[in-house]
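Residue-level listing of the chains:
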Amino acid sequence: MSEPDVVSVRGLRKSYRARVVVDGLDLDVPAGEIVGLIGANGAGKTTTVECVQGLRRPDAGTLRVLGYDPVTQAGQLRPLVGSQLQDSALPDRLRVAEAIDLFSTARARAGGELLEQFGLAARRRSVFSSLSGGERQRLFLILALLNRPRLVILDELTQGLDPAARRNVWAAVRQLNDEGTTVLLVTHEMDEAEALCGQVAVMRSGRVVDAGAPADLVERHASTATIRFSMPDPPAGLLDLLRRLDGVRQVERSGALVTVRGHRRIIAYVGAALVRWEPVPTDLSVHVPSLEDALLGLLNGETGEHGEPVACTPADKELAGGRR
Amino acid sequence: MSTAVGRLVRAELALMTRDPLVLTFVFAFPIVTMLIIGGAFGTTPDQAFDGVNPAHWYVASYLTVVIAATGLVMLPVHLASYRERGVLRRFAAAGFPRWSFAIAQLIVGLMTTAVACALLLAVAAPVYGLPAVHDGWRVAVALPLGAIAFVSIGVLLGSLLPSARAAQAVGLLIFFPSFLLGAGGPPPHVMGSVVRQVAGPLPLTLLTNAVRAPWLGLGPATGSLIGVAVLAVAATAVAAYRTAL
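Protein sequence lines correspond, in order, to chains R and D. Sequential numbering of the first sequence, starting at 715, is according to the working numbering. Sequential numbering of the second sequence, starting at 2, is according to the working numbering.
There could be a bad hint or two in this list.
[To be verified] Distance ranges between label pairs, derived from CB positions:
#: 1; chain 1: D; residue 1: Arg166; chain 2: R; residue 2: Gln787; range: 54 to 64 Å
#: 2; chain 1: R; residue 1: Arg733; chain 2: D; residue 2: Thr223; range: 49 to 59 Å
#: 3; chain 1: R; residue 1: Arg839; chain 2: D; residue 2: Gly87; range: 18 to 28 Å
No lab work stands behind these hints, which were simulated from the structure alone. Everything numeric in this text was worked out from a predicted model, so none of it was measured. A virtual CB, placed ideally from N, CA and C, is assigned to each residue, including glycine.
One chain only, chain D, in its complex shape (with noise of 0.2 Å):
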């Protein structure tokens, strides 16, 4: 590859390599909750969980935590600590496109998220099982859409805070609410009604229900995937804004 993105793109997964625990909160974060939560909940099915098996609801829900923590945690820590200590006025002085850094984020980001859902599931399989795919082409249209929205707007994250530290803080602060309420937390019907309504319009809730409710048999979601393809056309567009070198 001698395109710069190309060019980028392997220097940061050369980098990645060289510095696997930076991946230790996308890989083993939703893997270890996973393990615990569903087995807190055990795999009888329950009407809490829409009438499924509550360990296979979890494995549903928690490839979206690979994709949040992905664009919420990591990439806004990584491209803040770029912009911090000048890397990226580096990449623009020497005469890099405009949006071959943007570019190349997103495709890291994905091939980050793509391997850590691999993962997941390679995990999930012996232990819990894997649930059967009801509705395999909204599915595999909302994990890309949704790893694009929330690779975004990590990347746009990175791009408006500060320093590294202020970006991990900030991200941090986004995931775990995020997590709990749209993700990895208890199911939606077990919620109280004010709750239900924050989370409702989260963009990991919406992300989290079109891949679930087709995953699992549950409905379309078609709202909920509406929801995530336009937050994924207005994060990159802004984002491919903000970073333009």
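So that you can see chain R by itself, here it is in the shape it has in the complex (with noise of 0.2 Å):
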């Protein structure tokens, strides 16, 4: 019998006076994954993520999280779930060590091996407002992280950090998914959702409108493959050969510019065509559709590549649903 999702949402309804934030929304997180939620500004997502902690109390729906409700067990739900909120603080004059010493339970794991694998251990004497913002960050993050949570609740995770941070709390997150915790990932962040999720959900409106694989997004969303290349004076026969190569679906010639769209697949076509002419070109550069592309889509309301009405798959169901 397979685990029973750590996440269960149904119908989730949640309003803030005449503005409907969340409106109907479903969404399972199953066991031992990294979910993320992505989607405009204003989509609902910290309100669902608020809502699954048991922040805030839905005006419908129905909600398990680690088995319970968590509007009516929140006191048994909350020591079970770890997470990193936005917009919140902590009192200025706080010290980073005082900081891991107020929210340690019995459940704790070592504040200071968290405080050195996230590059604070030199700072546990700090004020909380003496702090960078990447800082804050890594210090919510091993708050987050500290009490051995089922569930760690991770909202705008790297908002502040520089790239170097970001892969060392991505590395973090990755390990704590590989020791069995469950992440629900808010991000704005395409490349983190790509790099960290195995499936995403995509909000817009207070619902969900598609979820998967991240590479599945991309395959319905944003397929299309961009090879642009310079060629002053192309042979006789080769644009009407890359036309007729699979997956293509445009070859346009400006000046000595050669652009070609189609499925991602015609990149290799492509390729393997032009090294039979010579000169090869020597600037041939290529656009690979990104998650970003594929939330763009979705978000600007269009369909998929061929014109087809979005639609989950059944897979992608059992992740997330639309409005009910």
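Take the two lone chains, each set in its own frame, and fit them into one complex as the hints suggest.
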């Protein structure tokens, strides 16, 4: 029998006065996965995870998190969840080591090791107000991981971190996941979602509009690759040959610049075709569609590559459904 | 102390020692004003002060000023600041038990009040002398009940007001009239009847009566004591509900 989902949300609705922020959202987070929640500002991502943690009371819907109802059983649930919240702080004059002591429960792992791991050991006597944005984020991450949570919720995890610190944090999240911890990650950083998440759910206007593995989302919503190269005087028949290649949808020539568009598989075919003609272009560039391209397509309400309506596969619906 | 309340109390006390200016209003204001007003009215027993030494009248009154300053000014600003900046959300998300923060604030508020009261008496003793306590039990009941009531009111205000600046404005707006009418201002006998009627039911007036009258042998002030007790229970219940994490 498969392990039950760590998070199961059905028909979640949440409004602030007349503004509906979450509108009939379904979401499942399988045990042991890193699931990303992505979408534009105001899509309802943070409100969703706040409801999951029991920090906000939903207007409607059912939620089960680690087997508990976050509304009525928050006391049992919260010690099992580690979270790094957006827009929160610690008292200005609280020292780093004191924050570790304050948030440590009987289940806590050694704070010193975490401080070493995240490069804050030298700052253990520093007060919170003196920490840089990146140091604060790392401290929040340490606090989220401190008490060996079964579920970690990370909201804008690497906001304000430099590239090296981001990589360290990503490595820590992967390690955490390898140890069996389930992670729900809210992010605006598509490279972060692609690097960390096995599954992502895309939110728009309080609903999940599609979900699945990042590669599957890219395939469904942004599979067009673009290849460009310069060829002042293309040999006769070359452009016709490129047009006939499997997956090529468009070949354009503007002066010396040739642009080929089509499915990602054209990258290999076009490369193979070009090396048979002399001279080979020396400035060939390839734009491979990313999760960001897929997200932009989804958020702009675009349909799939061939004009078909967007639909979740049955496998996706295990992770997240659209509106009810 | 490894319980959540214990950890919160320890952290709050450490933070307090690191930012002593925060305590200035609670510690210095009552002492300075007591010295000024006690000196202004002298030490000769006066009928306006129910026949007692005015300086002693104010020494017995100013303990409640300490309590009110803690509850109406210090705590609301502190809590509203925490809420405004997301500190309370972080405590809640970290799994601190539902009532732990309210209880911790109550304990810290009571400890602050106790220290400030001791300091006030330590300053008053060599200057005016400490008046004899006629009915120690009633004073001993009224002071902690009043402290609980005002600390709870402070916690409640901090949970209701939208920002630290709003909490400061509202706290001072409540504190100063209460202070002038109910504890540190002129004695009730010299007030006009309307002002006396307005002052009578104020929480700080009730508390001051409940402490001062049995202390100076001016009567049991049972009605005031009951009023303070009711206020303590009600304010604690509402504050705990409002600040549940």
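We went through each hint and held it up to the structure:
no., hint, result
1, Arg166/D <-> Gln787/R: 54 to 64 Å, "37 Å, violated"
2, Arg733/R <-> Thr223/D: 49 to 59 Å, "53 Å, holds"
3, Arg839/R <-> Gly87/D: 18 to 28 Å, "24 Å, holds"
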